[in-house]
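Peer 1: Chain by chain, the residues:
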Amino acid sequence: MIDSKQATDALADIDDTVRRLRQSLIYRFTSTIMLMWGVLVFAGNISGWFWPRYGLYFWIAVYVLATAGLFAISARNYAQSRIRTFDRRYILSFLFIIAFGIFCCVLGQFTGRQQSTFWPVYIMLFYMLAGVWFGTAFIVIGAAIIALTLIGYVYIPGMPFLLWMAVVNGGGLFVGGLWMRRS
Amino acid sequence: MAELDDIIHQPLRLKIMAALNALPVSAGLEFSRLKKLTGATDGNLGAHIETLAKAGYVQVDKAFVGKKPQTTVTATATGRGAFARHVATLQEIIAGKQV
Chain D
22 MIDSKQATDA LADIDDTVRR LRQSLIYRFT STIMLMWGVL VFAGNISGWF WPRYGLYFWI
82 AVYVLATAGL FAISARNYAQ SRIRTFDRRY ILSFLFIIAF GIFCCVLGQF TGRQQSTFWP
142 VYIMLFYMLA GVWFGTAFIV IGAAIIALTL IGYVYIPGMP FLLWMAVVNG GGLFVGGLWM
202 RRS
Chain E
233 MAELDDIIHQ PLRLKIMAAL NALPVSAGLE FSRLKKLTGA TDGNLGAHIE TLAKAGYVQV
293 DKAFVGKKPQ TTVTATATGR GAFARHVATL QEIIAGKQV
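Protein sequence lines correspond, in order, to chains D and E. Anchor point for the first sequence: position 93 equals 114 in this note's numbering, and the numbering is continuous, going up by one each time. Anchor point for the second sequence: position 32 equals 264 in this note's numbering, and the numbering is continuous, going up by one each time.
Among the hints, a few may not be true.
To be verified - Lysine-lysine pairs mimicking DSSO-like chemistry, simulated, CA-CA at most 30 Å apart:
#, chain 1, residue 1, chain 2, residue 2
1, E, K268, E, K294
2, E, K267, D, K26
3, E, K294, E, K267
4, E, K268, D, K26
5, E, K299, E, K268
In short, the hints are calculated from the structure, not lab data.
So here's chain D without its partners, still in its complex pose:
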């Protein structure tokens, strides 16, 4: 028979393993979503740079594809792991976040350039909040993309800013997704 200290250590081992498992499952699921967003955001910014007049339509297409992608990834994840990752609460939270973002853009009468800066910074804020609960990788990725976005906003004038955003936002999400997958 073991003593109380050994029993406490064994339970601590169990808790630590379960915590690391949950983090690993969250990272695996989120990394797939980040890879998808990375590609879509890259395409959205590049398309806006090539055809600026149709920028709004490209971004609507990006969000429609991303929503469909989220459902597809969630369904695939459920089929593989039997873990439900995307339910009504997530959809509702996502809608609240988007609605508040639109409210800020309308109220602040943001220009196109300001919106291209605001949305990544706003969304990355939620990544950083997620990091507080689910793992530091979210904080690192969020902080890096916010910093690079703000550097571009201040130092890169005109349309090349969209190219910068394609690389730092789209590319950042893609690289972040790969990094998270390996963590």
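Fit chain E to the supplied structure of chain D, relying on the hints for placement.
Peer 2: Then chain E, alone, in the frame of chain D:
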């Protein structure tokens, strides 16, 4: 008086069972993910999974994903029950109900 499960009590097997038990029923973990999670070597992990499988605590499934072989380990109902009893015994020891 409940007793500790000798098969589960070994530190690496305890980690394996803790991870598998935290998953939904019928969900499993790939060998590579278990290896990363427990920090064990291939040989060590394989040997301990075999011990758990012989006791009927886990089920091991081998399949090909594309061209790569993939081993998935899943906790059985017997394994989940044994793990729950083991944890309950640990808690009793801490509470001083067992000496």
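Peer 1: All hints are to be evaluated individually against the structure, with a verdict given for each.
Peer 2: Against the structure, the hints come out as follows:
Annotation: proposed proximity of K268(E) to K294(E) holds, straight-line Cα distance about 19 Å (limit 30 Å). Restraint check for K267(E) and K26(D): the C-alpha separation of about 27 Å stays at or below 30 Å, so the hint holds. Proximity of K294(E) to K267(E) is assessed by CA-CA distance (about 16 Å); at most 30 Å being required, the pair is judged to hold. A distance of roughly 27 Å separates the Cα atoms of K268(E) and K26(D); the hinted pair therefore holds under the 30 Å criterion.
Between K299(E) and K268(E) the alpha-carbon distance is near 22 Å, which keeps this suggested pair within the 30 Å criterion.
Going through the hint list in order, the structure satisfies each hint without exception.
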